[in-house]
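Residue numbers (the numbering used here), protein chains in the order written: chain A, 441 to 908; chain B, 7 to 589.
Misleading hints may appear alongside valid ones.
[What the hints assert, rightly or not] Simulated crosslink set (DSS-like; lysine-lysine; CA at most 25 Å straight-line): (1) K596(A) to K340(B); (2) K573(A) to K208(B); (3) K208(B) to K502(A).
Simulated from the structure, these hints should not be mistaken for laboratory data.
Because the structure is a prediction, the values reported are computed rather than measured.
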Amino acid sequence: MLKYILKRILFFIPTLLVVSLLTFALGVNSPGDPVEVLMDNSESAKFADQTSRRADYMKMRKKLNLDLPVFYFGVSSIAEPDTLYKIPEKLHRENLERFISMYGNWPQVSLYYTQVKALESAVSGMVVTDSLKDQLIKVRLLISELYYKYDPSVVKSKHEQLSDCFHVLHPEHNYMKELTTSYAAMVDGATVWKNYFPSFHWYGFNNQYHIWIVNLFKGDFGISYYKKQPVIDMISGRMLPTLLFSVLSVLIAFLVSIPLGVHSAVNKGTAKDKFYTIALFVFYSLPSFWVATLLINYLTNAEYLDWFPVKGLEDAADDASFGDRMLNYLHHMILPLFCYTYASFAFISRQMRGSMLQTLGQDYIRTAWAKGLAPKQVYWKHAVRNSLLPIITLVASIFPSLIAGSVVIEYLFTLPGMGRLAYEAEVSKDYPVIYIIMLFSAVLTLVGYLVADILYAVVDPRISYNKK
Amino acid sequence: MKLQQVLFGSVLTLSFAACGGGSTEVAKDKGKNEVVMHQLGDPETLNPLLYKTIEASYVMGQLFESLLTYDPKTYAEKPYLAKALPEVKVNADSSMDFVFEIRNEATWTDGSPITANDALFSLKLIKNPFVDCAGHRAAYELFDDIIVDPSNNRKFTLHCTQVYHIAELTAGGLTFYNSKVFDPKGILASYSLKELSQHPEKFDKDAKLKEQGDFINTSFTTSLPADAGSSAYSFEKFVPTQRVVLKRNANWWGYKIKGEEDVFYAYPDKLIFETNTNVDGAIVALKGGELDAMERIPNRSFVQDMLNNPELQQKLYMFTPVEYGYEYICINTKNAKLQDVKVRRALSHLIDIDKIIDATSYGLAEKATSFVPKDLKEFYNSSLKYPEYNIETAKALLLEAGWKDSNGDGVVDKIINGEKVELTLNIGNREGREWRGKVALYFQAAAKKAGIAINIQTKEWGKLIEEMYKHEFELLIIGVSGAPFEHDYKDQWHTSAYNSNGGGNVSGFGNAKSDALIDQLRVTMDKKQRAVYYMELQKMVSEELPVLFLINEKARIAVNKRWNNVYPTGLKPGFMIAGFKLN
């Protein structure tokens, strides 16, 4: 058994590495630019001119290591250069990637991009008379659009419009010549086939993933982008309340549901059984956010019954005694705990009832009756143990919820839980926090399945992990 | 049955026992001189240089002081740390100087005097390129030096590199940070503010500055030393996800200032910022007296359950002042279908604003007609009228623009660049913005009658930002917050801000004339002349219609009547909690 457990734990390592890779890849490819989200876009920040804003953008990008390659290596096509990640502007980078997939000739794509930049630079210093200012503005707007337009008809139309404007602005100077020539070279010299030949780029250890995972092994879980706190501090502050609620709700759910399921099975088809079935399904069908809202409105409200606190986990005064503090905690926990738990009653007890009914039909139970054992002994000693197998499967699924918590209940009762932390991190694109939550969740899922497997062997002597 | 009885019995026993046990921190005791204000979320940090959220700004506003402040009733600039409004000089090289003198009474919370060197330190702190406060730094970009008066260590000149219409406003907003707390090693003392301002790139590899920047970037996330600021309140406690508690400093220097009670006040012993992520739960707490003040109460609850409830009228002050932000539909004027101003004008006649205000805002809104706050009377163009809701006018305008339903499918079409295009428009909305979603539905229904098909697309904010910067949207329903002060509208309306690098001119509005107006406005110090520019710019926006203005929301504020000296104000959060006096 011990050997089996050790083997399973060893399997955790590659699984977690794969999870870390997937998590990281999802974060990197999710829409939106984390630097833009982190940059202060408030009214005051808008006083900055574009140059200083860009400098701040680059600084932030470097600080977050976003100027480094994402992984140790890249597998792309021979059409794609291995330095595309160095282009800081996400929109530009994406547009260049599109051009590469459309035309497959990086040198020409790069030349066209350089020409757009050169034209932008030439126009930025251009001085014209008042009557031509509108044309100049139009030119600037059109050039800025070239950074993210890729559809050939649209690009050509923009080029034509630009030519018309330049014709008015500076008839004798052909600003567009190099741009249109480079675009034509890109389109005419397309080598799309290059996109079908894979290419391998080795970037070395100075990459985003390596830095992150090495720091993780060193115990450095990173700093939250949003709150600037160490991620581990944020998670540890939320983990305890979530664990408390999860463990208590699981315990209560099992303590109530298993006897209820057994009771229903034993009394199958009676009025009692039907009553339990209906009552539990009514419970099951009530959404927790609605029940929580009702409880808050009617049991925390001075207009009705002001029995419970409306939110939080505690509000004891600083000088409160230990006993008072504990009572204060318990007082705050009752309503959320109820909301966490009630829906599980129907689910677990129905599972238990079904499993118990199946067990009661087995030969060995008939033998137990034939031996003249008391009903209590038959049900609780012989039948229940074997009926617990499907319930154990449920145990495995409970572990991830220890970290996921319940976003809705935590929000409604303003609880300091993991669900809320995960949601807030997701909304604010706080990747360091998201990555760690995902990894913790994966660890707990693996632990859950391991515990379930061990429990199977404990409960059912027919199951053994020792090789014979 | 026994099990259930035991369970329920224990739950009830526990609950009743808990009800009786222990004193609680949050003021249920109505005699406590402590204001409990609702917040929808925690401040993300207590670092005064790094915060971004409105929740943090409310807390910071009570902890730190600046040179000038605003009268909460008249919004007039008033001296605060400064003895008087600054002496303003426009120099021959078109730069500006603001001469301030700090009050003799002004001290840090630890009792040490505030001097001109503290102004110098505070600006250096913002200018340290390693501190992640791009927003603050951007605001003070034009201020490059502070010259301390050699004969008076409380007097200094703040230099601004160019004439700028809101330079005084920005200069007066300079917040003071205690160097003992924010730079305990005294690193910044050896750096020149002018160098930091003019050549920040020189310090890219400066280890000492980086050390100071790293210190700021990783400190003060969940606590703040009592002597970090100079204000009437200092930090006492932060219970993450629950509350921030500030306590009053009995020795605050402001108590020595007489005759200026309109801005110098601090009556409650504690200010408690209580986080409750559940608005309904917060309303229950407000009604039960556990919360003293709440803003942003949902319109429906406010109108249907609170405003006309006689019992609550006895308990609560309820205010609905008009806010300075506005909601609007942004139009991509560069889109082929929306380039023609007649189409945009047709869209403007498809907004049944009265119905929207009644049905979606429960009457708690006013029609918005401009980007300039209405209370800036000298700058607000009151001649602008809201477009009349009229489907027939919209149809006529579309026809004039060449759009007609040639195939009888109910959607108008037109040949553009040789191709038949139907007038189908996507309107983007940020997820979770329920009000805007409802407005989009009204707009969609009206547009359908005029032969325009509107697709409502709710998207994640990151995705929406990406589309905005790429100008790959057609219509967006969004909003901006505001205050009763002048702004710099360059980022919103100038063509230089139409780009893919985060520029705010998302609609693509503008031409040489509007750019010239904005450029002129920013360097004109004469208010009357500035007013002329403002009027003209507003007129241009209303004619070009890069945006369809919707509403100015009315704030929904409730404050417990155990307090007096409670009044609404245009300054966020809409009331001055430090000014509340216990009955």
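Consistency of the hints with the structure:
no., hint, verdict
1, K596(A) to K340(B), "16 Å, holds"
2, K573(A) to K208(B), "36 Å, violated"
3, K208(B) to K502(A), "17 Å, holds"
Taken one by one, the earlier hints fail for this structure only at number 2.
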